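Peer 1: Quick mapping for you: the protein sequence lines, in order, are chains Y, V and G. Numbering (the numbering used here) for the first sequence: 200 to 364. Numbering (the numbering used here) for the second sequence: 14 to 408. Numbering (the numbering used here) for the third sequence: 32 to 505.
One or more of the hints may lead you astray.
What the hints assert, rightly or not - Stretch by stretch, here's where chain G covers chain V in the computed footprint (C-beta under 8 Å, at least three residues): (1) 241 to 249; (2) 349 to 356; (3) 393 to 401.
In short, the hints are calculated from the structure, not lab data. Computed from a predicted structure; not experimentally measured. C-beta atoms are modelled at their ideal positions from N, C-alpha and C, and glycine is treated no differently.
Chain residues, written in single-letter form:
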Amino acid sequence: MLRLTRRRMVQLTGLGAAAIGLMLSIPAIGFLLSPLFQKTRETWVRVGALPDLTVDQPKPITLKVPSGEAYDTTPVDRIAYLVRKSDGATLVLTNTCSHMQCDVHFDPTLQQFLCPCHGGLYDVHGNNIGGPPPSPLPQWVHRLEPDPQTGQTILFVKNAYDESI
Amino acid sequence: MLRFATRPLSRRFRSGYRWVDERAGTTDLVHKGLYEAVPDRGAWAYTLGSATLVLIVLQFFTGIFLLLTYVPSFASAWDSLRFLQTSDRFGNWVRGMHLWSAYVLILVIGLHMLRTFLSASYKRPRELNWVSGGILFFLVLGLAITGAMLPMDNAGYWTTVVVTNIPHYLPFIGDAIRTLWRGGDFVGPITLTRTFAIHIWVLPFLLLALIGAHLYLLRRHGEFGAWVNYSTTTDDPDREIAERIRRAEPPYPTLRIERQYAAPRKTVGFFPNQLFKDTVVSIVLVAIIFVFGFIAGAPLDARADPATLTYVPSPEWFYLPLDQLLVLTPQTYLIAFGVFLLVGLGSLALILLPFYDRSPARRPLSRPEVLVPGLFLAFMVVILAVLGVNRLYGL
Amino acid sequence: MLAASLTAVPGNLFGNGLAVALVVLLHVQIATFITGASTLAVVSESIAMARNDPRHARLSHDLVKASAYVFTFGSAVAIFFMIWVLTALWGLFFVDLQRITFYMFVFEAAAFVVEIALLYSVYANWGRLEAYRRARLGLLVLLAVVLWFQMFFINVVASYMLTPNGGDVNQLSQVLNPTFLPLQLHRTVGNIAWAGAVLAFYAGLRYLLATRRARREAAVGTVPARSVGAMSASRFAPGSPPPAARDSRLPYWDWLGQWGVLWAVGLSLFQIWIGYSYAKEVQLHAFPAWFRMMRGALSNVFLVQIFLLGMIFILGTLYFWRRMTASGARGTRTQIVCLVIIVLATLLAIQPAWFALSLPDVQAAHLDRPWWDGGLLNPIGDFIPNKVFALVVIMLCGLVAITSYLRAYSRGEVRMGETTRRLQGVLLALGVTVSLMMATMGVIRENSRQPFLIHGELRLQHQQIVTTPPQAPP
Numbered sequence: 200m201l202r203l204t205r206r207r208m209v210q211l212t213g214l215g216a217a218a219i220g221l222m223l224s225i226p227a228i229g230f231l232l233s234p235l236f237q238k239t240r241e242t243w244v245r246v247g248a249l250p251d252l253t254v255d256q257p258k259p260i261t262l263k264v265p266s267g268e269a270y271d272t273t274p275v276d277r278i279a280y281l282v283r284k285s286d287g288a289t290l291v292l293t294n295t296c297s298h299m300q301c302d303v304h305f306d307p308t309l310q311q312f313l314c315p316c317h318g319g320l321y322d323v324h325g326n327n328i329g330g331p332p333p334s335p336l337p338q339w340v341h342r343l344e345p346d347p348q349t350g351q352t353i354l355f356v357k358n359a360y361d362e363s364i
Numbered sequence: 014m015l016r017f018a019t020r021p022l023s024r025r026f027r028s029g030y031r032w033v034d035e036r037a038g039t040t041d042l043v044h045k046g047l048y049e050a051v052p053d054r055g056a057w058a059y060t061l062g063s064a065t066l067v068l069i070v071l072q073f074f075t076g077i078f079l080l081l082t083y084v085p086s087f088a089s090a091w092d093s094l095r096f097l098q099t100s101d102r103f104g105n106w107v108r109g110m111h112l113w114s115a116y117v118l119i120l121v122i123g124l125h126m127l128r129t130f131l132s133a134s135y136k137r138p139r140e141l142n143w144v145s146g147g148i149l150f151f152l153v154l155g156l157a158i159t160g161a162m163l164p165m166d167n168a169g170y171w172t173t174v175v176v177t178n179i180p181h182y183l184p185f186i187g188d189a190i191r192t193l194w195r196g197g198d199f200v201g202p203i204t205l206t207r208t209f210a211i212h213i214w215v216l217p218f219l220l221l222a223l224i225g226a227h228l229y230l231l232r233r234h235g236e237f238g239a240w241v242n243y244s245t246t247t248d249d250p251d252r253e254i255a256e257r258i259r260r261a262e263p264p265y266p267t268l269r270i271e272r273q274y275a276a277p278r279k280t281v282g283f284f285p286n287q288l289f290k291d292t293v294v295s296i297v298l299v300a301i302i303f304v305f306g307f308i309a310g311a312p313l314d315a316r317a318d319p320a321t322l323t324y325v326p327s328p329e330w331f332y333l334p335l336d337q338l339l340v341l342t343p344q345t346y347l348i349a350f351g352v353f354l355l356v357g358l359g360s361l362a363l364i365l366l367p368f369y370d371r372s373p374a375r376r377p378l379s380r381p382e383v384l385v386p387g388l389f390l391a392f393m394v395v396i397l398a399v400l401g402v403n404r405l406y407g408l
Numbered sequence: 032m033l034a035a036s037l038t039a040v041p042g043n044l045f046g047n048g049l050a051v052a053l054v055v056l057l058h059v060q061i062a063t064f065i066t067g068a069s070t071l072a073v074v075s076e077s078i079a080m081a082r083n084d085p086r087h088a089r090l091s092h093d094l095v096k097a098s099a100y101v102f103t104f105g106s107a108v109a110i111f112f113m114i115w116v117l118t119a120l121w122g123l124f125f126v127d128l129q130r131i132t133f134y135m136f137v138f139e140a141a142a143f144v145v146e147i148a149l150l151y152s153v154y155a156n157w158g159r160l161e162a163y164r165r166a167r168l169g170l171l172v173l174l175a176v177v178l179w180f181q182m183f184f185i186n187v188v189a190s191y192m193l194t195p196n197g198g199d200v201n202q203l204s205q206v207l208n209p210t211f212l213p214l215q216l217h218r219t220v221g222n223i224a225w226a227g228a229v230l231a232f233y234a235g236l237r238y239l240l241a242t243r244r245a246r247r248e249a250a251v252g253t254v255p256a257r258s259v260g261a262m263s264a265s266r267f268a269p270g271s272p273p274p275a276a277r278d279s280r281l282p283y284w285d286w287l288g289q290w291g292v293l294w295a296v297g298l299s300l301f302q303i304w305i306g307y308s309y310a311k312e313v314q315l316h317a318f319p320a321w322f323r324m325m326r327g328a329l330s331n332v333f334l335v336q337i338f339l340l341g342m343i344f345i346l347g348t349l350y351f352w353r354r355m356t357a358s359g360a361r362g363t364r365t366q367i368v369c370l371v372i373i374v375l376a377t378l379l380a381i382q383p384a385w386f387a388l389s390l391p392d393v394q395a396a397h398l399d400r401p402w403w404d405g406g407l408l409n410p411i412g413d414f415i416p417n418k419v420f421a422l423v424v425i426m427l428c429g430l431v432a433i434t435s436y437l438r439a440y441s442r443g444e445v446r447m448g449e450t451t452r453r454l455q456g457v458l459l460a461l462g463v464t465v466s467l468m469m470a471t472m473g474v475i476r477e478n479s480r481q482p483f484l485i486h487g488e489l490r491l492q493h494q495q496i497v498t499t500p501p502q503a504p505p
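Using the sequences provided together with the hints, build the complete structure.
Peer 2: Structure follows, in structure tokens:
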């Protein structure tokens, strides 16, 4: 017959409980942390020909971009503000405020982007000029290529922001 | 004084009851549950605790009914609620009661905490009552905010975006928390499932466990009341207090406390006096929720649209002070300072109140060291809420 | 001929602006005091009735008397303001403003009738109503309500001029314009704080006057008197005169001084955040005015305001610290720590963000680089995050200082009458600081609208346009 002291008994039970805890927590914690190690499926979307733009006049266009995360494959409607700078460069700004990621609106009278959530302000080039935003409006990762047939400038957008916010 | 007439039970019922009682010990249980002394003055203020309990039960009840229709999926959540709103005759009513009882619950918990704060009921040996109650308050706020995310209408979607983004400003681990909650960098299908799990399982489980602890502790130490219940009237306070302690009914005298506060001057039975008042308050509150749930229901915005160019997100009213604080603490370091340091330390200070306010004083004006910061906080919350209302709903 | 004399306005823009500024500043300080004092009178009278406190009973009577006297003078200023300054010097603008905010002015003016009736009834019958204290308190409450009601309407006009928001066509959006609620909160809290500061100033002055003779006598006496505590010890010294007349008054003035400081400093804690929100609404709804205020020509005036704000808390904490020391109360170390931190935070907050008149000047000179790179910018003085951080720190330390003082007070460690003459100087300085603060805020707010009188709608030059008189048909 097995003879146990009370102390030994408590020690063994404690060890057993710890073993159960470990066996349960390894898969659970691993499962919980898995999003940290998943990679976004990169997708390039051909948006189309770049529309005519007036200098410093943001023009919103709707993109269909899949988020590429988890099992999400359906493209979602997203906004890009196209801005032509005076030096000819084109900005493809997101409408995601760098403060709390709300949707910024363009105010044509003030010529500013305004975030309705907490009153962040950006100028037409997306620089944060007032309120809580800590950094400028992020841009979509994009490239502009001339169409070999028509010679138009075609805008391609990737499902990523070119600045981690 | 209320009088309650008693009438003998019918013989058949009595024999049936006896059968159950022999096996389940019901009478014992009911006696333990109902016969207890509570301080006689301020009974209407003590009803806030039981009202909180009733409202939480109502939340569980209506919540389970909502689960019969609601689908926690990014694609179908809005459709299922739309169906509930339009095609189900009582669906909107149930959802309205879930929403309105949450609103009333937050108000009632706030008043309950204020009452406990002003009367210093949290002092020795009732420290853990306050701590468990404080954690319960934050759990309810967590339930309220996760609940607001679930409908996946515009309001819910943008609430999700903002709330899941706040941890991002936490130094070092902020980004990881955001990614874990969202299941990625963006709000997507996984975000909703996780929020749903938090709202339906994680927080309610913790809530139930803490409610059990809170009630057990209440029964162990008894209702404190306020300093008026312990004042002495005769020239010989020592003798008066000794007499009071000798004649006190359980759970008094409270052990390990200054003699003066060990037993109230006069007590009444929990049953029927206190229970009657509790019932009246609960009936009124439930009736308000019943009516408002029907008339106002619960709003459902348009389907979540990440590509909106016009939608103005606004938080639920009880988060307006925090939302306004976000406006007033701009840019990375101030957000970390304002949101995490001030609000975090403030919340911690609130929960740990009994451990630093240990003076024997019970009257509010005799303890300005907690009353002044407390009133400051209360005024600040109101002022920030008014400013938030002005900012979001101004014409 | 007739048309020309109707539209031509005497004086010039600068002179008329100065006239309106001076009278408005005087008017604001008077009106604010009456509103705050009547509210404090209600508080005092309630405490006097609940706790049978003779000091509060005396204070509420004093406040009513003061309100009555100031009201008399204030109405004279108001009439002068309306008739001479607004109607004569700013006639065109004032007619336009009255046309737009007609109902606000009607209700505002109507409130005066009720106020006069109430205030003078309470003032003249104070003794007779002694037997009916609840009724008297009721009248005081009514008076306070009417005064707040009046402030509500004038706040609509004041906030409308900065953020009109289409209020000239819609009465509701005129009332609920974006800065209305912030201004309402700012003034609600500020009126009482100002009344507290005036009380502190007055108490300090009376204390100094009451002790002046005693000091002279003590100077020729045997015991050198540094404080009243020392003086009350000198009472028993042979040869000093019986100080009975002095003793009954000094504890009251001492008590009143700290009571006023508590209101002034305590309520100013909230003002930081309300003011910040107010500026935020101006930024969102009247961006050019905000720009002028924070980055344009007024940005340096704004630094003065932040300095005065810091001074309110520095003087308040200094007073609490020395007042506690004078009575030998515990907890003075907390006060010293708070004072040091507030001084440091104020030093951080008053740093200019650029060494020029305005940010556009710096940009125009292409010197928008930090000063260590040869530019004119000073990133240490950036409003965000440095000044905001400093303001939060000031607020928290102010809260700790007040809590610590009240803790000592509630334990009876601060005994009334044991103060120093030098400390009364702090009270005087606090009163002057708050007064200057109000004036600076007024100057900033009214000038930020330039070149508009009503933001985005009515220009300053509107006043100077002389329409050509109608020509007789040929």
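Peer 1: Indicate, hint by hint, whether the structure satisfies it.
Peer 2: Outcome of the hint check:
no., hint, verdict
1, 241 to 249, "violated (count 0)"
2, 349 to 356, "holds (count 3)"
3, 393 to 401, "holds (count 5)"
Comparing the model with each earlier hint shows a violation of hint 1 alone; every other hint is respected.
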